[in-house]
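Protein sequences appear in the order of chains A and B.
Here the first sequence stands for residues 1 to 250, where the numbers follow my numbering.
Here the second sequence stands for residues 1 to 269, where the numbers follow my numbering.
It is worth saying that the hints were derived from the structure and are not from the lab.
Check before you lean on any hint, since a few could be wrong.
[As the list claims (entries may be wrong)] Once the Cα atoms are required to be at most 30 Å apart in a straight line, the calculated BS3-like pairs of lysine-lysine come out as:
#1 B/Lys-134 x A/Lys-45
#2 A/Lys-167 x A/Lys-180
#3 B/Lys-130 x A/Lys-150
#4 A/Lys-29 x A/Lys-45
#5 B/Lys-130 x A/Lys-167
#6 A/Lys-29 x A/Lys-51
#7 B/Lys-130 x A/Lys-180
#8 A/Lys-167 x B/Lys-259
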Amino acid sequence: MSRLGWLRFGVLAGSIGALEILCRSGAIKRLVMIPPSEMALELWKILLSGKANHDMVQTFTCVAAALALAVLAGFFIGLALHALPRLRAAVNPLLGSWYAVPFFVFYPLLVAVFGLTMLPVIVIAFLFAVVTMVINTLNGLDRVPRVLDKVARAHRMGPFATLLRLKLPAAAPNLFTGVKLAVAYSFIGVIASEFILASSGLGYAIAYAYNNFDNRTMYALMLFVLGFVTTINMLLYMWEGRMMRRRQGR
Amino acid sequence: MDEVHAELSGVTRVYPAHAGQPEVHALGPVDLQLRRGEFFSVVGPSGCGKSTLLELLAGLALPTSGRIGFEGREVRGEVPDGVGVVFQEDASFPWLTVWDNVAFGLRVAEARTAEMQQRVADAIAFMGLKDFSKAYPAQLSGGMRQRVCIARTLVQRPRLILLDEPFGSLDAQTRLLMGDELLRLWRETGATVLLITHALDEAAMLSDRVGALSARPGRFIDMIDTNWPRERDSRIAADAAFGAITARLWTSLRGESLKALGRSMAALA
Chain A
1 MSRLGWLRFG VLAGSIGALE ILCRSGAIKR LVMIPPSEMA LELWKILLSG
51 KANHDMVQTF TCVAAALALA VLAGFFIGLA LHALPRLRAA VNPLLGSWYA
101 VPFFVFYPLL VAVFGLTMLP VIVIAFLFAV VTMVINTLNG LDRVPRVLDK
151 VARAHRMGPF ATLLRLKLPA AAPNLFTGVK LAVAYSFIGV IASEFILASS
201 GLGYAIAYAY NNFDNRTMYA LMLFVLGFVT TINMLLYMWE GRMMRRRQGR
Chain B
1 MDEVHAELSG VTRVYPAHAG QPEVHALGPV DLQLRRGEFF SVVGPSGCGK
51 STLLELLAGL ALPTSGRIGF EGREVRGEVP DGVGVVFQED ASFPWLTVWD
101 NVAFGLRVAE ARTAEMQQRV ADAIAFMGLK DFSKAYPAQL SGGMRQRVCI
151 ARTLVQRPRL ILLDEPFGSL DAQTRLLMGD ELLRLWRETG ATVLLITHAL
201 DEAAMLSDRV GALSARPGRF IDMIDTNWPR ERDSRIAADA AFGAITARLW
251 TSLRGESLKA LGRSMAALA
């Protein structure tokens, strides 16, 4: 691990240690928060008992579905908008103001249309994630050097081969950023939707524990969600770092 | 040596008015016959249509009028088989190693693996990149990245190599050395070479013939046979004839460059 890596680890370990001391000394009341060690112990018990398995499977299924749809749809919408500049100019204001729309107001409508199933949750998470993928696809394609078009023609490549062999690899760093953000937005969309109106899922389980003053379960599940999302993000950052190191000659 | 390999007859290129900008007559009419196996350079003031001429000959652009031919066939908006192009910009692919960059065109053409490996290895060795075949372009200098691009063109064994100011972004000493590399490539492959350059000394040193274009719309105003021996390198710059050729090119182009400069200044005013 690099020095910076050790420093980061030190800051994280120090923060957790400080929180542990504050909780155990009573500076933070147990009604507010339990010590991190107890969160971890409780999470271990939950994982061993399997009592949250159904919620976990549902949440991860929803995230995977929303993410896959957002990445695919976002990518193809981005491609289409890049190929059709007039359409792009027309929808630009919508893309620019997309995240000003509070999607959760549509939840009742979505429940009315799809019922109290996983679908409304997936649709909201999809709406959260799709536009970041569209924007990053457009950014990536905009940054493809124009000389690559000439290179493609000099190699007598058709539009599909040009896209597959040159434009997409050239745009890969931006596409990857789009996927990375789509992962984060999918998790936020799913967990938040489950909080509001769902009958199962990790978001629902956390809200249920909160409503019943079950701090141990609530914090254990929160720790699980945070740990899982952080691990996924770390893996994505490591992958991105490897890709960028090659491209930047580091 | 005198067989016509590629030619432009009465070629013009006019860019139509677009987005409030007036029509631009960029080139022509120009007539040019490239002899098989010769090294021909085009010089001219900025914006005179040098790159347009290359793009037309490569089939990357369509002429407004006139005819372009390569090996007896008309070139019309498609790069013909046997023509390789090297661009001024860094066109190496940062996501591929040097080896994969050079192999790119053969993979696109679905060449047989054994043949591809041999040709790529030959091209990499020829361009002096053997020790860097596993490196990524970002790990190389600008000159070496341009060598990768030349190797990528070379591996396809083009009979006509078109180079659009390939050393424009390199320092003076690297340019001289790259010029020597280019001469060696030209001699050993037997290809016809058309070099677009703004450097009069580079054109005078490398070429069998040099064509000087006028300010826009570019027309050939001078054509110089250098009469250099085929075995030559950058040391030819010490020859008295080199100074004479460069001086003649500057005499032809000085007025045209002033015209082009005046036009740029007027556009800025």
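Tested hints:
1. B/Lys-134 x A/Lys-45: Violated - the C-alpha atoms of A/Lys-45 and B/Lys-134 are around 50 Å apart, more than 30 Å.
2. A/Lys-167 x A/Lys-180: holds (20 Å)
3. B/Lys-130 x A/Lys-150: Holds - the C-alpha atoms of A/Lys-150 and B/Lys-130 are around 27 Å apart, at most 30 Å.
4. A/Lys-29 x A/Lys-45: It holds: about 23 Å lies between the C-alpha atoms, which stays within 30 Å.
5. B/Lys-130 x A/Lys-167: holds (28 Å)
6. A/Lys-29 x A/Lys-51: holds (27 Å)
7. B/Lys-130 x A/Lys-180: violated (37 Å)
8. A/Lys-167 x B/Lys-259: violated (39 Å)
The structure fails hints 1, 7 and 8 (numbered hints given earlier, in ascending order).
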